[in-house]
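J.: Sequence:
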Amino acid sequence: MFDFKSLVESNYDYMVEMRRHIHKRPCLSGDEQETSELIASQLETLKIPYHIDELGNVVGRLSGAEGGKRIALRADIDALPMQEDTNLPYASEKPGIMHACGHDMHTAALLGAARAIKSVIDELSGDVFFCFQVGEEQGFGALEIVDYLESQGGVDTCFAIHVDPFSPSGTFALKSGPVFSASTMFEITVTGLGGHGSAPWLSIDPIKPACEILLRLPSIVPNNFSIFDPVVISPCSIVSGTAANIVPEKAVIKGNIRFYDMKLEEQIKDKIKILIDSISESYGVKAEIEYSAHTVPPVINSKECCEEFVKVLNEQDIPFKKILNPYTASDNFSEFLSKYGGIYTYGGVASLGDEIIPFHNAKFSPDETALSTFLRVTLAYTFDFLKIV
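Heads up: the sequence shown begins at 821 in this note's numbering, then just goes up one per residue.
Keep in mind that the hints were calculated from the coordinates and are not lab data. None of these values were measured; they are calculated from a predicted model. All the given hints hold, so there is nothing to weed out.
Only pairs whose alpha carbons sit at most 25 Å apart, straight line, appear in this in silico DSS-like list of lysine-lysine: (1) 1074 to 1089; (2) 938 to 889; (3) 1028 to 1093; (4) 1091 to 1070; (5) 889 to 1159; (6) 914 to 844; (7) 825 to 1207; (8) 914 to 1183.
Label pairs and their in silico Cβ distance ranges: (9) 1031 to 1052: 16 to 22 Å; (10) 911 to 1047: 43 to 49 Å; (11) 865 to 1087: 47 to 53 Å.
Built from N, CA and C at the ideal position, the CB exists for glycine as well.
Please model the entire structure based on the sequences and the hints provided.
T.: Next up, the structure:
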């Protein structure tokens, strides 16, 4: 039987140190080199073999006795383009970049797990892959890690924790089945004929049809899809024109689509095309739509893994709640889950009595003491899955 208290206590200060360093030096999606190099250097110090790809994904690996199972533990490492407003002594040193979604906590906890598991790997069977993923906020990085895991023979399950600013530190939340929606982004370009604003009849205005498209896009959902198959079509940006007396050539609408059933994707896209073709024809403009190169699938937790996870939480006396309804946010950890099955869970980071600050907020400041619970739960679930030699 492992001494979880000792394993957590002996790695807590290390996790706090790593978290504060990463928080102070955040890196945006697609530019995580500094964070990737820090992670690689830590794994090297711990004598944990690792692979780093051209994107900056870092995957460490520890192997116990042969013939055991394999588990992938994942932490996303990228920050957000926001100006921090926390006044913390370790606040971001980089203007306009901040860890406002807790990825610094995720990374520190996984480094702590690597350090702890390294000290007891001889007592375990199987393999642990420590997956530090770039680009989550922009929807990339996960597929490349899955491809690497496949090149190593794959894994049997995967596990990830995300900070939860709405739940008390030391608690967890989980849901079996759908947790997050699938997601794809779209960009609609409406092209008319530019000209002088004093003679609009000599031009073809793209703004009016673009506005009509924007206003009518959300109406596709109630008119075509059952309330039991939730769909969200959310236009979030419209840009056109440069001056008050110039009819612009183009108008561009950007937005996103969310859904839980991948079978609905083509139906949604077909309905959008019918709408924009109809409106563009009536105005005499040209409208084209482009989607993300890859749709992020929904996050779906395995029922069997959730049942085992609840057992582990009860054994560790960790309070938890069951999430009743899925969220319409997305996380491309779904690429891991789609391939291997596993768990995506929330770990509380709210300090009792403090104002609740949501993630993606300039004042977001999670309770660092949650790192101890993150580590305890990660170790307990990993050890339970791999089994002791």
